[in-house]
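There are 4 protein chains.
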Amino acid sequence: MTPPTTGLPAENTTDNNDHLVQSDDPEHPANLIPSLCAKFWTLGWVTGTGGGASIRDDDLVYLAPSGVQKELMKPSDIYVLSLAAQAQSLSRRQRVYLRSPPVYKPSQCTPLFLAAFTKRNAGCCIHTHSHWAVLVTLILEQQRSKEFRINNIEQIKGFGKGFQKSGNLGYHDTLVIPVIENTAHEEDLTEFLEEAMDKYPDTYAVLVRRHGVYVWGDNVHKAKTQCESLDYLFQLAVEMKQLGLPWITDIEPTIPTRKD
Amino acid sequence: MTPPTTGLPAENTTDNNDHLVQSDDPEHPANLIPSLCAKFWTLGWVTGTGGGASIRDDDLVYLAPSGVQKELMKPSDIYVLSLAAQAQSLSRRQRVYLRSPPVYKPSQCTPLFLAAFTKRNAGCCIHTHSHWAVLVTLILEQQRSKEFRINNIEQIKGFGKGFQKSGNLGYHDTLVIPVIENTAHEEDLTEFLEEAMDKYPDTYAVLVRRHGVYVWGDNVHKAKTQCESLDYLFQLAVEMKQLGLPWITDIEPTIPTRKD
Amino acid sequence: MTPPTTGLPAENTTDNNDHLVQSDDPEHPANLIPSLCAKFWTLGWVTGTGGGASIRDDDLVYLAPSGVQKELMKPSDIYVLSLAAQAQSLSRRQRVYLRSPPVYKPSQCTPLFLAAFTKRNAGCCIHTHSHWAVLVTLILEQQRSKEFRINNIEQIKGFGKGFQKSGNLGYHDTLVIPVIENTAHEEDLTEFLEEAMDKYPDTYAVLVRRHGVYVWGDNVHKAKTQCESLDYLFQLAVEMKQLGLPWITDIEPTIPTRKD
Amino acid sequence: MTPPTTGLPAENTTDNNDHLVQSDDPEHPANLIPSLCAKFWTLGWVTGTGGGASIRDDDLVYLAPSGVQKELMKPSDIYVLSLAAQAQSLSRRQRVYLRSPPVYKPSQCTPLFLAAFTKRNAGCCIHTHSHWAVLVTLILEQQRSKEFRINNIEQIKGFGKGFQKSGNLGYHDTLVIPVIENTAHEEDLTEFLEEAMDKYPDTYAVLVRRHGVYVWGDNVHKAKTQCESLDYLFQLAVEMKQLGLPWITDIEPTIPTRKD
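Protein chains in written order, with full-length UniProt numbering: chain A, 1 to 260; chain U, 1 to 260; chain P, 1 to 260; chain H, 1 to 260.
Chain A on its own, in the form it takes in the complex:
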């Protein structure tokens, strides 16, 4: 039996797999997505139903729906999709949901989240409309730049070195986040997001001009940490711009002399 793709249970579906989003464990993806999104709402990342988050647990992908007020989301609002079943689908654009909420439609962010899961084996992907992210893309637009670059800031250490690499970036490393141009329809961003992933194999984030940012990680902890660190750096970068301070500097490393 094929689950419906419309977001509404088909009339001939007797089982909507509601058990997939029912758990007493606060760490269960169906509980974690609402609690994370409520926190993100207070940070201004998912204002006005914008933005969202998705968690992958092995083969299962849990997705916030379209148009939901993110601080009011409930576990029963969550879509669940099988990566394996999706891979066998005839069409890239056709989604195969194991479980659909009774009210909401699927999010246009879905194929972008799937790109992080399938191309990077990510465990979580967060999409924010943070105005710091948008302002950074606007500042870069004036410089005709398609890359955010910053170095010599401690918080850069909050990022991993890259896909399948161990360890994090160092203080003197330059963090580089590609910027892709926004499209009229969010799902059309997918090919450009995937291109950016190919061109920047170690990046954990892609900025979308005049729109926001997609950030992922091997698990929820890493995706959230990288998303927070990046938003911190975007805010700092905007404030540095307002104060006339450059994002890239050439600093002589400070070497400790006293050893034991």
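Check each hint, because a few of them may be wrong.
Calculated cross-link-like contacts (lysine-lysine; reagent style DSS-like; alpha-carbon spacing at most 27 Å) [what the hints assert, rightly or not]:
{"id": "1", "chain 1": "U", "residue 1": "Lys-74", "chain 2": "A", "residue 2": "Lys-39"}
{"id": "2", "chain 1": "U", "residue 1": "Lys-74", "chain 2": "P", "residue 2": "Lys-39"}
{"id": "3", "chain 1": "U", "residue 1": "Lys-241", "chain 2": "A", "residue 2": "Lys-241"}
{"id": "4", "chain 1": "U", "residue 1": "Lys-119", "chain 2": "U", "residue 2": "Lys-199"}
{"id": "5", "chain 1": "A", "residue 1": "Lys-146", "chain 2": "U", "residue 2": "Lys-241"}
{"id": "6", "chain 1": "P", "residue 1": "Lys-74", "chain 2": "H", "residue 2": "Lys-39"}
{"id": "7", "chain 1": "P", "residue 1": "Lys-74", "chain 2": "H", "residue 2": "Lys-105"}
{"id": "8", "chain 1": "H", "residue 1": "Lys-146", "chain 2": "A", "residue 2": "Lys-241"}
{"id": "9", "chain 1": "H", "residue 1": "Lys-74", "chain 2": "P", "residue 2": "Lys-39"}
{"id": "10", "chain 1": "A", "residue 1": "Lys-105", "chain 2": "A", "residue 2": "Lys-161"}
{"id": "11", "chain 1": "U", "residue 1": "Lys-146", "chain 2": "P", "residue 2": "Lys-39"}
{"id": "12", "chain 1": "P", "residue 1": "Lys-241", "chain 2": "H", "residue 2": "Lys-241"}
Just so you know, these hints were derived from the structure itself, not from any lab.
Mind docking chains U, P and H on chain A? Use the hints.
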């Protein structure tokens, strides 16, 4: 029996219809207005008893009173009014309340909320004193402009296309919000708000110079989403102004090439 | 029996009047001061034990102590003082406390709060270190000005017309808040605060250069509303300064034409 | 038996001293560090697992681990270390933990916290990545300065006069906070932090360029108060810079004339 118009129960009124504001359902308008206003207080929208919100449920209109601390409001503070009874009133300025709170006076915002309900069939109207909204009107004042215009920002998609139209604005569409001049008495804004509604038949919001903004929607969800999205855009616009970035740009659409 | 003035119960005091700060009523001043101060902490008004609040209930004055973390204050931390007993004291600087907390010393703000209670019959006085207030005094210092003046902003309506006058300021009225210079010791501000009260008989607030603001009102509701409205205006004023917008403008009133 | 230094209980350790982090008292260091860090997260001080806090109770030092989301930390995540045992260690870099959490590694901040405890007898040390602190170090970098200096701001009174001195700074005193250059590895900061402590014997804080700030105090109350006051001053300083206002001014003290 005619309910009182003073905001205080008339002595000959034996029934103040208190049942209209008593419900265990958190989604009941008399419970929802206080919880929404408490949230808006944390956003800085209703500081110092300013601003407010009103919900229409079929013929009944629920209104926050005047002068209440918005984060401390209780269901028992709510006014209730019948649109049908109001329409039969001899005077536009005379209000016919089915239920009045024991303490507070009616809000001067009342006729402005009613304009959204009667002229646009709105289900909810929110009035904020957000300083981002006020700053936008001040920036526009220097440009002798009576319109806020912004385009090519993703969050614009948070707005409906217009009254009785289906679907939302697109990324490349220009969002246009009219600005009316403030008046000494808030209820005197009504005719100018109605004029702006007539001149901008598709707008869901009207800015009031040096004062704030009125935003409405077909229901609470849409009014809140549009109000959040608009406040986000006002904040972004002020920050863009500080960084010397224009609100309106001419951007070549990005077209996806890979189809399936 | 004279209660102690040191903030610590004298050894010969058998009764510290702890009943004065023990109540189940959340509106009791000893409960209200801690809950208000916790809220003010989240607004950045009482950071680092700075600022405070005092409530007068008829003859009794309830005061936050010195050096307490304002978001952690408890009813048992509150001082209580009798205005009548204080008036009979031989020295202006000697305090006569009916009730003292076991740990904390009296606040140096005490005589400033008392000035609002005795000279203005205020029911509540709030002192904040809001950085918006401090920035306004710094901007005015560069202009060698001792008055904050702003007009034609809706939120000005949040202020009463003045001591023993009914009604509030209008939209076109100019709000004037005097600025006094800071002193090395906070209690030395008292004479300058009182001078400012004499010179500006209708003001409900006095700015203190490089320090913060004192705001009062006939009761807790009015003091809080005026303090919130003022902080809103200070923030707006700083942002207007950053955008090159003037605080005082000459605006032609907008007159409604349609009457009924 | 020597406890492990890896952060993981050694296999031959039968007792991990879990009782050291188990208490019903909210003021116990193992409970206080998580509740403080959750509060600091809302202030933007410990974004993305950055920053942290440590409390010393006599000989025992309680430490947040590395890489934990600070608003989600639990008492069971806390490391405990004995200062006396640590002093007897053969190596400055080898840590002797009485209690280690089952998951997390020790924080690289550990030797910096220990410096505050051993050289200053501090009871608590807080490390923030506050972007106000970072911006202040960036502004000073452009001025080739290694000192943050500000005077004539009331909040300066929130700092003690210095190590083993009684009383706090006065309004007219100049607060001086040294800035050290950041190093690639956080623990390499230790020698420079200790040098700064030697050169500035009365300071309660050291700024780290492009990184953040370390603030300590005789106890939790004083460390938190000083950290809040400092962050307030850093924010004010950045805003003063944006408005073209100097951090150091020469002000004639205001002397009260009316005595009694």
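Do the hints match the structure? See the list:
Restraint check for Lys-74 (chain U) and Lys-39 (chain A): satisfied, since their Cα atoms lie roughly 26 Å apart, inside the 27 Å limit. Between the alpha carbons of Lys-74 (chain U) and Lys-39 (chain P) the distance comes to roughly 18 Å, so the proposed pair stays at or under 27 Å and holds. For the proposed pair Lys-241 (chain U) and Lys-241 (chain A), the alpha carbon gap of about 13 Å is at most 27 Å, so the pair holds. Using a Cα cut-off of 27 Å, the hinted pair Lys-119 (chain U) and Lys-199 (chain U) holds, with the two alpha carbons roughly 13 Å apart.
Using a Cα cut-off of 27 Å, the hinted pair Lys-146 (chain A) and Lys-241 (chain U) holds, with the two alpha carbons roughly 22 Å apart. About 18 Å separates the Cα atoms of Lys-74 (chain P) and Lys-39 (chain H), which keeps this hinted pair within 27 Å; it holds. Of the pairs offered as hints, the one joining Lys-74 (chain P) and Lys-105 (chain H) is violated, with about 37 Å between alpha carbons and a cut-off of 27 Å exceeded. With a CA separation close to 22 Å, the supplied pair Lys-146 (chain H) and Lys-241 (chain A) stays within the 27 Å bound.
Only pairs whose Cα atoms come within 27 Å are accepted, and Lys-74 (chain H) paired with Lys-39 (chain P) is accepted, the gap being roughly 26 Å. Annotation: proposed proximity of Lys-105 (chain A) to Lys-161 (chain A) is violated, straight-line Cα distance about 36 Å (limit 27 Å). Restraint check for Lys-146 (chain U) and Lys-39 (chain P): not satisfied, since their Cα atoms lie roughly 37 Å apart, outside the 27 Å limit. A hinted pair counts as satisfied when its Cα atoms are at most 27 Å apart, and Lys-241 (chain P) with Lys-241 (chain H) qualifies at roughly 13 Å.
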